[in-house]
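Peer 1: Please model the entire structure based on the sequences and the hints provided.
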Amino acid sequence: SVVSPSDVVVIFEQYPQWSISSWNYGAVSRTGGGQNARQTLFTFYFANASPSWAGYTCKLKFANPVVATGSQKLQLYTLGSPNTAGASWGNRGQAYRNNHIGTLKVKGPGQGEATWEFGGTIPCPTTPYTKLGFELAPVGDDVLVEWVIPENGIRV
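All letters in the sequence shown, in the order written, are residues 1 to 156 by the working numbering.
Rather than coming from a laboratory, the hints here were simulated on the basis of the structure. It is possible that some hints are incorrect.
What the hints assert, rightly or not - Below, simulated DSS-like cross-link-like pairs (lysine-lysine); rule was C-alpha separation at most 30 Å, straight line:
id	residue 1	residue 2
1	107	59
2	131	73
3	59	131
4	59	105
5	73	61
6	105	131
7	59	73
8	61	107
9	73	105
10	107	131
11	73	107
12	61	105
13	131	61
Peer 2: Shown next, in the form of structure tokens:
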């Protein structure tokens, strides 16, 4: 089955107290190497996770952004907590950036799935109703990737 993100929050480096909570929009960007990055925090909710999933690997996919320009590269991190409510650039609470688990190169709209330079999988959760938190961040000084959820963007 496919799991789309929930509890999506876009955070802004230039405006560290701002954030946009959304259920249908994700964005990652940086322009001209400035301190103007946008990053997306999100949660995957595995309602149907099962002990029978033990030892299996879940594959992450990213496809069909609305916009993909610049380096088109993103880094994927785990979060210290899936609780992204109220998080901002300047105050993440428990949703702090944890481990770097992948780098991907996004393809343009309608051009298929992203290519993972490394990573792209996570151990499948084994407990029903598990929530896992993640962050997508830009790679390079010029990148813009935006997507509509749940149809496009990052999924498991």
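Peer 1: Hints first: check each against the structure and report whether it holds.
Peer 2: So, going through the hints one by one against the coordinates:
1. 107 <-> 59: holds (17 Å)
2. 131 <-> 73: It holds: about 25 Å lies between the C-alpha atoms, which stays within 30 Å.
3. 59 <-> 131: Since the Cα atoms of residue 59 and residue 131 sit roughly 16 Å apart, the hinted pair holds (cutoff 30 Å).
4. 59 <-> 105: OK: residue 59 and residue 105 at ~15 Å, within 30 Å.
5. 73 <-> 61: The given pair, whose Cα atoms are some 14 Å apart, holds under the 30 Å limit.
6. 105 <-> 131: holds (25 Å)
7. 59 <-> 73: holds (18 Å)
8. 61 <-> 107: Measuring from Cα to Cα gives roughly 12 Å; hence the hint holds.
9. 73 <-> 105: holds (4 Å)
10. 107 <-> 131: holds (28 Å)
11. 73 <-> 107: holds (9 Å)
12. 61 <-> 105: holds (11 Å)
13. 131 <-> 61: Distance of about 18 Å is within 30 Å: holds.
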